[in-house]
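Residue numbers (the working numbering), protein chains in the order written: chain U, 5 to 319; chain V, 6 to 498; chain Y, 115 to 404; chain W, 487 to 1030.
No lab work stands behind these hints, which were simulated from the structure alone.
Be careful, since some hints might not be right.
[Unchecked claim] For lysine-lysine, the following DSS-like pairs were computed, each having C-alpha atoms within a straight-line distance of at most 27 Å:
no., chain 1, residue 1, chain 2, residue 2
1, W, 546, Y, 305
2, V, 203, V, 179
3, V, 216, U, 183
4, W, 546, U, 130
5, U, 183, V, 192
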Amino acid sequence: MLAFLAKRIAIGLVTLVVASAVVFLVLEIVPGDPALLMLGMNAQPEALAALREEMGLNQPVLLRYFGWIAGMALGDFGNSYTYSSPVLELIGERVLVSLPLALISLFLSTAIALPVGIFAASRRGKPADTISMGAAQIGVAIPNFWFALILIYLFAVWLRLVPAGGFPGWDAGLWAGFKALLLPAIALALPQAAILARVTRSAMLEVLGEDYIRTARAKGMPRRIVLWHHALRNALIPVLTILGLQFAFLLAGTIIIENVFYLPGLGRLIFQAITQRDLIVVEGVVMLLVATVIAVNILVDIGYAIVDPRLRTRR
Amino acid sequence: MNTIKSIIGGATLLLAAGTAALAARTDLVIGVVLEPPHLDPTASAAAAIDEILYANLFQGLTRIGRNGEVLPALAESWEVSDDGKTYTFKLRSGVTFHDGTTFDAEDVKFTLDRARAENSTNAQKQLFAAIDTVEVIDPQTIRIMLSAPQGSFLYNLGWGDAVIVAPESAETNKEKPIGTGPFKFDKWAKGSSVTLVKNPDYWGEPVALEKAEFRVVPDAAAAIPALLSGDVQAFPQMPAGDALSQIENDPRFVVAIGATEGETILSTNNGKEPFNNIKVRQAIAHALNREEIIAGNGSGYGTPIGSHFSPANEAYVDLTGTYPYDPAKAKALLAEAGYPDGFKATLKLPPPAYARDGGQVVASQLRQVGIELEIIPVEWAQWLEQVFKNKDYDLTIVSHTEPNDINIYARDDYYFNYKNPAFKEVMNALDATAEPEKRIELYQTAQKIIAEDAVNGFMFQLPKIGVWDAKLQGMWENSPIQANDLTGVKWSD
Amino acid sequence: MTPDAPPPSPPPERHFLEMAFANRSFVIGAIITILVAAMALLSFLWTPYDITHLVVADRMKGLSLAHPLGTDHLGRDILSMIMIGARNSIAVAIVAVGIGMGVGVPLGTWAAARGGLIDEILMRFNDLVFAFPALLSAIMITAIFGPGAINAIIAIGIFNVPVFARVARAGALSIWPREYILAARAAGKSKALITIEHILPNIAALLLVQGTIQFALGILAEAGLSYLGLGAQPPMPSWGRMLFEAQTRMMIAPHLAVFPGLAIVITVLGLNLLGDGLRDLLDPRLRRER
Amino acid sequence: MSLLEIENLSLSIAGHPVLRDIDLRIAPGEVLGVVGESGSGKSMTALTVMQLLPELARAKGRVTFDGVDILAAPEEAMCRLRGDDLGMVFQEPMTALNPVKTIGEQVAEGIRWHTGANRPDAEARARAILDRVGLPEAKFPLSRFPHELSGGQRQRVVIAIACALKPKLLIADEPTTALDVVLQAQILDLLRDLVAENRMGLMLISHDLAVVADMADRVSVMRNGAVMESGPTVGVLSEQKHPYTRQLAEASTHVPARARSQEKAEKQEPQPLLSVSGVTRDYPGRRKGLFAKPEPFRAVDNVSFSLAPGHAVALVGRSGCGKSTLARMILALDRPTAGEIRLNGETLGGRSEYELRHARRNMQVVFQDPYGSFNPRHRVERLVAEPLHLLDRKPTAAQRRECVAEALESVGLNAGDMHKYPHEFSGGQRQRISIARAIITRPKLIVADEPVSALDVSIRAQVLDLFADLNQRLDLTYLFITHDLTVARAITDDVMVMHEGRIVESGPTATVLQNPKSEAARALVAAAPDLERAVATRQRATGD
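Go ahead and model the full structure; you've got the sequences and the hints to work with.
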């Protein structure tokens, strides 16, 4: 297990290095000059040249790459062109919005999806199953940003229960911050919950057909207890896989949702940075997201091993 | 639909009742569209910086007033020599920066020398191009010598790019701005908001607000709910679009339609076939239906213009009748120019809605007279690179938001590729003239020249749609300069 | 003769149509999908209005006989916009799925056939691509080439590659140990030939089902990108962009946001139902009643 | 007074009748053997007693267990019975245990559920019963997971679960079918002892007459969902009054008529058809630690033998002894780590696929699973014609069709069958198609890997006849890989016994099987169920 974990982490690191090369190469050939963009239409050539020098845009690409990657390894992601402050600092501020958002929605989607999926599986073919899976089917088809719009107009503008958007900052109080993240989290969570509920149901159905379920039933355990004690843990394996994949989707989803709710999170940061050609910020955020996805995949692998003893002895 | 409205109306009343209970607030949340890249107005062209800090936190020697007039600020008074080349400013005494350091003539000299230095990153270096030397006479007096007379010099000193900074804090202004204004910097939650608080040691009349938060609300989709839910109480420039009609009918809010310095034009590459032919440009001018373009731009506000000049300016002349909407005439002119069947061209559109939506309306209108436009949406960076820098374009739509910028038509390397010696002469004369009447006359001549040359398709002046809580007093209706001057703003009770 | 009779259950091919018509998901999904496709095709020949001709005076009209779904903020007929928008959505999704299948399936089957190092490299490559969610790669591609439908296609297509590679590999790996593959190898067939003759036909159903899922995801992803302004650019109508433009006008003209949104939901729903139905019909493992 | 009484039981699943008028009785302490071929309804009868039927099943009639009317009993009552008074052991030990729970948990769970015992008490009882079924604490602590056990060990755990509370009736549904003969004998012994110790009733379901004859006091023969004949084992199996019983018995001891090829072997052709010398195959083993070098697992260990043309040779051994690996190397589907294999004097090692074409033409294969050995999407014509790919000149479509027709006819199918899909054929027919595919290139050697073990006994007899017939007609040489000694006995001239990767004994079939010398061979022979022997033993026992 330890050897497996070590191998997994090593692979993760190699993937990360390759990803960093891809990111840097891809973004270094961007057509467009950040200095020109920053100084605007009436920029003077001298001012432009000065700014380019200051930004280090005149150095060779390879040197900049190694500088960048070495910096990142030491926790220095460089300085934002537009904010003229350290990228790590910017990211640090934004993570406090994006990470809670992703976690709340992950929690919500799991809390909704698992019971619904299990319930539907236990009522297979009955009206409760048909209705919940029909709802899930529609949930999968709804674009989250459209759902977000509906939520805003319903809960913020109409019922005035929560803010329509924006983020007061955590120093405005935990509750105020949570309230601001609630609608975005719901908008993100619902479509994911629909997918997860469907996966949970089919995983449960698959497991319920296994021989060991029959063995457990032959022990005299009632159906309900077999469902929770024997089926659920086995059904968690595909559910975990999907959860891992979904975390990546959630991160990406925050880019859209943070724009709908104008939350100052990583998604907004990267989106703004793109339009302002603030490449160092783009690169930093992309690397962070990629690293997160890789880390989550490793966590999912650990989760597999916790759930399934067969995988604990894996090489 | 009606029921929706009545329910919303009901909710509105509830909120109105709720806020009425609060007496004389001293805090204000102002919505701004763009977040500033940093907080130093002397190191970026970004209007977002001035919109937060100008007049509130930073001050210049002069300031631009509500209606575009030049008023004294850190300079109490000034004298101009007869040849118009020497300006002597008497500075206000007892002024301190927010970090406690004293303001004096050395700070002014530092600021101006820094701005015009070789390695300056000031985005508007040309403002200071005329300065020859800056001389400290005594701590309260400074003399500026110009190499040539410049009529707009006092106005130029009122720009946000010319605010006075202290040598002690100049380098850190980007993160922690230190100025002389009635508000001082509190915090900047990046991506979200910039907060200013009242400066208790202000040299002038103290402001009514204790706290002003400038919250970044990027687009209409976010702005409307934010306004309706009361999160934001004022939008000096509301990206409201069509939803404005709904806000206008809401008694909680005041909608102030003012003028901006943003001339929205169909920029034309005068150096390229067939646009180098004045008949073609005139045909385009005749083909444009300004009313429809304005209507298609959402709010329906916006003043039609016939030249590159703000209707808010005292020197403005209405030239919209130069080439009135007349598709038949346009076709005829095209035929005269040798294009009886029209021609094909491209229209590059930067991201703002006025360009993307307006561009589709323009394309539809030009199609009526036989000009087929291929719409090419571009990002700002591409626009700057392709259109602005490399002049690789046929037509484009852009709003020129710099104040009083008609002189760009005199620049040879400007992206319009417009070259008219007569116009340049007028500009040179303008620079040499300080008399107000004379200057107005020259401005008007300049407006007429470019209108008649149909250099660009002159469409409309971007409206400044200010929306704020009805109980808020003292907000600026016009924006003669990119700023939100809060010195006179207070809550009525 | 002893009762060594063929199995009584109907073989998959013979009664396929009969079973298909009895499958509710499949029928509803197929009808919706066909209607949307037909609408997109029809838009090449005819739309109720010419959407390049703007009648600004008619802007934001509600539902009427002349404009069954109303008009947008530039006076364009929304029904016509949705019809042409379907074209864009379908085209993006088809090409993106095509890229995913075209690259992913050969890679996946190759890895399954070769195993060892090549398999390992492919799986690591998959990990790498999976680490970039579609939206992220779309944003990066947009940073290079600027926004546009083509870039949306590339981004979604790139993301589809590892999806199909994984499905094809897993499917192929489950076929390789079958005895008929051993028999084919005993008949001297090369791995490439076996892949073409035996593996591909047997994972085709799997790929088809995954294809419909990715197709639906592609439409959603395209809508998201267009909504952010990274997808199709005006004047090309696109459902996501229509939603973006409708967003600010939702309170005064809700139909602007309702219909493009419904178009997305219905299309995706149809494709997902079709996929579910196909899975039920084609995947014998799930078909078998336990 | 019967423990279990089934009267007039009829069962339908989703409207399809599955059981008709079943009557069965089991007295306390009695062993009832239920025999029948696949589809005879044996398992459904068992599941009806357990009330673990599929959802759409509808049962009629009466099933009384220990005074309880099972068909009318509510689910809670059944839950009280199951695992306490009624235990069940299933066929497939590999999947019958929950992979994520320890064996201790799984055994103790039923104990706690029924007795309300606390965890330590239940675990102590679980420990005791695991000890009893032959899983001592030292090697099999309660914390073991199922995947750490072999198939036979897992079946012991399942038996422990079923017998933990000393049920009055144990139902064992083909409990040894998935195990090799040696394990089968051990498990059957265990069951026999447990039943005797606790005076349990046992319903032993099996397709194998010999197993039932060995174990059961009484036998019921089922076919097509109905009971054909019931009675005391000795009576039913020795008299074989019912024609179906006789048919079954004959089929399971069937020996195809074939001229002993001993004379042919006498001729001693100068060159063997196949010669295997010093063949070894290692697989990379599991890494023990992060830096420990993985120890390879040796599947085949220095095997040498040769095969004369026209001979039929059996390669027998327990599962996992390496016989299938050896077969794959002979077929050039896997490469030996060391050693050499020659076909007709031509070495197979280090050849490219193209160079192997000639060898492959002379050597074809028949697999065990008649369902898995065909691509379900191809028609029979294409399936059977597949080896024609090995010909140097591609045949025309007409030639190909002719070859296929000929091959099909020689295995007893119609030429017209070539247009059908494999799923339209029964298991026996499919195995014929499989043979047709193997002979289409007129090979000299056929390697048959358990070719009849998935077939019911009567079909098995027919397919064996076909093998014997082709051996004569086409002068084929056979290498039969099998764990079933009756097959070896029925059709082969020589036998080789393989054990842990080595060939430990070889010689003429009759000699080796009657008088095995090596320990491995003796164990195999002793464990192999034998109908005649079992009946004779039982007759002697009852005769006394």
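ask   = Where does the structure disagree with the numbered hints, that is, which hint numbers, in rising order?
value = The structure breaks only hint 1.
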